[in-house]
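2 protein chains.
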Amino acid sequence: MPSYKAPVDDVLFLLNDVIGIEKYNNVPGFADATPDLVKAILEEGAKLCEEVLQPLNRIGDEQGCTRHEDGRVTTPEGFKAAYDKYTEGGWVGLSADPDYGGQGLPHTLSAVMSEFLSAANMAFAMYPGLAQGAIAALTLHGSDAQKATYLPKLIAGEWLGTMNLTEPHCGTDLGLLKTKAVPNGDGSYAITGTKIFISSGDNDLVDNIIHLVLARIEGAPEGTKGISLFVVPKVRVNADGSLGAANAVECGALEHKMGIHGNATCVMNYDGATGWLVGEENKGLRAMFTMMNEARLGVGIQGLAQSEVAYQNAVDYARERRQGRAISGVKEPEQSADPIIVHPDVRRMLMSMKAFNEAARALILWTAIRGDVAHRGTDTAERQAAEDLMGLMTPVIKGVITDTGFQNTVMAQQVYGGHGYIAEWGMEQFVRDARISMIYEGANGIQALDLVGRKLPANGGRAVMAFFQEVGEYVVAHQDDEAMAPFIGPLKTGLETLQQATMWFMQNAMAKPDNAGAGSTDYMHLFGLVALGYMWAQIAKAAQEAVASGNGNAAFCETKLATGRYFMERIMPETAAHLARIQFGADSMMALPAEAF
Amino acid sequence: MPSYKAPVDDVLFLLNDVIGIEKYNNVPGFADATPDLVKAILEEGAKLCEEVLQPLNRIGDEQGCTRHEDGRVTTPEGFKAAYDKYTEGGWVGLSADPDYGGQGLPHTLSAVMSEFLSAANMAFAMYPGLAQGAIAALTLHGSDAQKATYLPKLIAGEWLGTMNLTEPHCGTDLGLLKTKAVPNGDGSYAITGTKIFISSGDNDLVDNIIHLVLARIEGAPEGTKGISLFVVPKVRVNADGSLGAANAVECGALEHKMGIHGNATCVMNYDGATGWLVGEENKGLRAMFTMMNEARLGVGIQGLAQSEVAYQNAVDYARERRQGRAISGVKEPEQSADPIIVHPDVRRMLMSMKAFNEAARALILWTAIRGDVAHRGTDTAERQAAEDLMGLMTPVIKGVITDTGFQNTVMAQQVYGGHGYIAEWGMEQFVRDARISMIYEGANGIQALDLVGRKLPANGGRAVMAFFQEVGEYVVAHQDDEAMAPFIGPLKTGLETLQQATMWFMQNAMAKPDNAGAGSTDYMHLFGLVALGYMWAQIAKAAQEAVASGNGNAAFCETKLATGRYFMERIMPETAAHLARIQFGADSMMALPAEAF
Chain G
0 MPSYKAPVDD VLFLLNDVIG IEKYNNVPGF ADATPDLVKA ILEEGAKLCE EVLQPLNRIG
60 DEQGCTRHED GRVTTPEGFK AAYDKYTEGG WVGLSADPDY GGQGLPHTLS AVMSEFLSAA
120 NMAFAMYPGL AQGAIAALTL HGSDAQKATY LPKLIAGEWL GTMNLTEPHC GTDLGLLKTK
180 AVPNGDGSYA ITGTKIFISS GDNDLVDNII HLVLARIEGA PEGTKGISLF VVPKVRVNAD
240 GSLGAANAVE CGALEHKMGI HGNATCVMNY DGATGWLVGE ENKGLRAMFT MMNEARLGVG
300 IQGLAQSEVA YQNAVDYARE RRQGRAISGV KEPEQSADPI IVHPDVRRML MSMKAFNEAA
360 RALILWTAIR GDVAHRGTDT AERQAAEDLM GLMTPVIKGV ITDTGFQNTV MAQQVYGGHG
420 YIAEWGMEQF VRDARISMIY EGANGIQALD LVGRKLPANG GRAVMAFFQE VGEYVVAHQD
480 DEAMAPFIGP LKTGLETLQQ ATMWFMQNAM AKPDNAGAGS TDYMHLFGLV ALGYMWAQIA
540 KAAQEAVASG NGNAAFCETK LATGRYFMER IMPETAAHLA RIQFGADSMM ALPAEAF
Chain R
0 MPSYKAPVDD VLFLLNDVIG IEKYNNVPGF ADATPDLVKA ILEEGAKLCE EVLQPLNRIG
60 DEQGCTRHED GRVTTPEGFK AAYDKYTEGG WVGLSADPDY GGQGLPHTLS AVMSEFLSAA
120 NMAFAMYPGL AQGAIAALTL HGSDAQKATY LPKLIAGEWL GTMNLTEPHC GTDLGLLKTK
180 AVPNGDGSYA ITGTKIFISS GDNDLVDNII HLVLARIEGA PEGTKGISLF VVPKVRVNAD
240 GSLGAANAVE CGALEHKMGI HGNATCVMNY DGATGWLVGE ENKGLRAMFT MMNEARLGVG
300 IQGLAQSEVA YQNAVDYARE RRQGRAISGV KEPEQSADPI IVHPDVRRML MSMKAFNEAA
360 RALILWTAIR GDVAHRGTDT AERQAAEDLM GLMTPVIKGV ITDTGFQNTV MAQQVYGGHG
420 YIAEWGMEQF VRDARISMIY EGANGIQALD LVGRKLPANG GRAVMAFFQE VGEYVVAHQD
480 DEAMAPFIGP LKTGLETLQQ ATMWFMQNAM AKPDNAGAGS TDYMHLFGLV ALGYMWAQIA
540 KAAQEAVASG NGNAAFCETK LATGRYFMER IMPETAAHLA RIQFGADSMM ALPAEAF
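For the protein sequence lines, the chains are G and R, in the order given. Note that numbering that gives the first Met the number 0 has the first sequence beginning at 0, numbered continuously upward. Note that numbering that gives the first Met the number 0 has the second sequence beginning at 0, numbered continuously upward.
Treat the hints with care, since some could be wrong.
As the list makes no split between identical chains, a pair holds if one copy fits it or if it spans any two.
To be verified - Derived pair list, reagent style DSSO-like, types lysine-lysine, alpha-carbon separation capped at 27 angstroms: (1) Lys38 - Lys330; (2) Lys491 - Lys84; (3) Lys4 - Lys46; (4) Lys177 - Lys330.
I should point out that these hints are in silico values taken from the structure, not numbers from a laboratory. Predicted model, so just to flag it, every value in this text is computed and none were measured.
All chains should be modelled from the sequences, with the hints used to inform the complete structure.
Structure, rendered in structure tokens:
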């Protein structure tokens, strides 16, 4: 059976020593998050994840959810009790608006907790995770009355929420959606249509579920310009806040999926259900987009989480399993064989996962802090700069961390040999669960297009120029520091490679847009490597400073330095291959007629 | 529901136009395999796979196998009837020894049929697949009496066979195995022990199952030098060939696996079962090794097969699913959206799979023919050269084609977006089934070590020098051919990169063997890319010649040329990254103490 230990020390090192969270004390909520409080919160959260949620992960996978004849959906054994513990701990409202019962702490802390939750039990974590989307939607776009009705219950965790976008014939291309909204004359609408792939769509964890639904008001324009956002509660809410009659919405079926069995992925049937417009008519897609960065960051976190828990278990196995002898000479002659962690190829897998995970965690926190600044900051210029960088990094985090996170779960499974293929060992579940993160919330190919087609050119390239400038200045500032040479050299090369690729798009994609599409996934991964390399440089610097000051844990810091060197040597060389592919353009990719495949 | 169309035309083009199978007519069995006969056989085999086996693939996954209280194992609905059709067609004996009822045709044809079978239904294909291992073991190492007893029944498909190596505490390191063999005094042995992960271990397709079992004779030396090979029938065979009493061997449990549910993966309990020594005492491991190349080639074929069937379905979906508009301009204005095959990033996925699969198929056939020459050839020098190349290429095929084949199933699933994650669409089954091929028959890390540690240095590097010479001469012979420039240039660069990596090992791995281990997986993939690039150059040449002669299908040949160009542009650049990683050596990989992970 797999186990999980939340990487609290690593997070604290990143927040305090690498990112320097105290620099953000001018942002509302940050001053309250003192180092001691953060530590206490994370340790408490870690305990919940390790002791309550992780032991339910296999059970959730084996049992899955059940839809009963009357349409009710029940979750796996133990999920309800665990959810109650989760809400009793006040975790839902950690960074939510204090006006509605939240604690107002930085979203960055929620991002950390999201990693722990997803690593412990991804299917479970999706229930409160989706509710965060509904909370964000109503906070940003709901009327005061809607906020008063829904937010306190959602933030307390008494109710859950969902996001309803996809329909059978449209996922990526929401302009095709058909769900209808007909005015009832009393300010409400009758919503009719079928939504699919609705995570947490129905369940027995709470009494009410608040669905956020994209639909087309009768007579609205075709395409994306005629889509509105509605709030549709599973159970109607009376004026006094008590629950009224059931609404005309039901889970029509549960999907049979590759993984995340413990989460109820529903086909939702809306049959004239009563809903209320959120925000403006026909501006529903724009409203969804304002929440997209957080949601996509959340999926990137899932990629890291599965990679981390799979890695931890692979390390345990590699220390315990004995097969063969070290090629450099027998290590434990008194035993019949050496533990497989002595073998370089096993090390290769462990180091690759470790070097990726630690930088990915840094990049997520670096970006999450920019999200906090963008939403709460008091300085307009700082807010804009933070929003630029968060928007730029979001598709990179979602695409790269889920792609590589998935590959890492496969690698961790490989460390187990034949046992990795057997369900009881739990490694194959990580692979199956992680797989969805590459698909939902915008498949990774869409992330790459978002990066190349939208985020790069936005505001005349302001965001990407700012990122290049920041990394470039970092390189200049440290290039004479001999101890930093193993990090600065490869980072400089990586940055130059990324700038060349960017230039190539500028010169070749205007006249022929297919050239941008053809190189988009390579560009996203190239961008991710440079961003991760930048994180490693900063981690290394912080580790060196901690050792120099005598305040740091020397072994911890030496491990960071060795792991960072591995990243630079073994993972960064991929940047050149990405550039080479990008520069070949679209010709051979688009040469064949569709019938020639 | 997924479908499958066996790539008969592609195989015929490879055999006739690229490899030139008629050149091998001096090898016994080849002259009988006239182009017309080969075509007829493959078309008949394709029909069986497409119409009988493929429709059972999902059923097999859903139902899995069942172990009953009495230890009997039953296979999914329809498997028995399909197996009977398979044996009635004479497929088991296609390339088996005519003295025992086989047809004596080239093994290369069996390799082709293996691809079709595995693509249609991998779990099913493993039943006769494992029997081929038993046939090979008895043909090569069995006594005349053993051959007479078992081979005719196995070759007719009336009985099946298994290979029993792994035990709970040992897989890779067979020196640790504990299963005991105690002489009964009558020439037989009593075999006692537990074997795990035994594919096809028990089933209801046949009346008898012939287990080939590695065990340690009482008093034998420890480690790999004390292991012997035994034949242990499930049901004892009387002197007249009729079935006698049940043997003391039973399936103790079925494993719960990530995939290949239709195949019974058994824990096999031997409780004093009667077995007979095959070959010499204590030479069991060596006997297994002589069959290893074929078995590993077979697993490489599974990797291609899953990649191919997943690719075919992704193409179908990409042609039918409509989302968004081509960035180069609307393609089908009369429709609400264009088919997703217009999008470059979807093309990238399809072209990557296609470019890999077609070269992988060529490499498998190129190697299988060398296997036939090695086993049947009449010229000693030719046999040795063929055996060298087959031995060299076996770990490359097993490791690279299963690694990339698996990635391709993931890519094909990605083309489906959210639907790829849903069981009914069948794409996630390809991912789960393909995953095992990276693990069993020697995990891919072991393949890489076999290549670097055993195959490279064998006979003073004779095999690798011969391969480099062959590719080098090919480059020289075609480097002035302008039409071949897009292929020869990247192949030349790839070969030079591979030679540099080889040289680096020669200079750096003697003194520090960890340097070889640290670079082994990169080296294996680098080797694979060069070998596949070499295949593409030959495919391109054959396509150009077919077009020039006016005999070829022009559209087919143009497709080959465009696909080959894609391979050279988009896949070959990876070679440089592999070399860079190899040249960093083991230092950062091995730096951390085990407790620092």
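Checklist entry - Of the hints stated earlier, which fail here? => result Hints 1 and 2 are the ones this structure does not satisfy, whereas the remaining hints hold.
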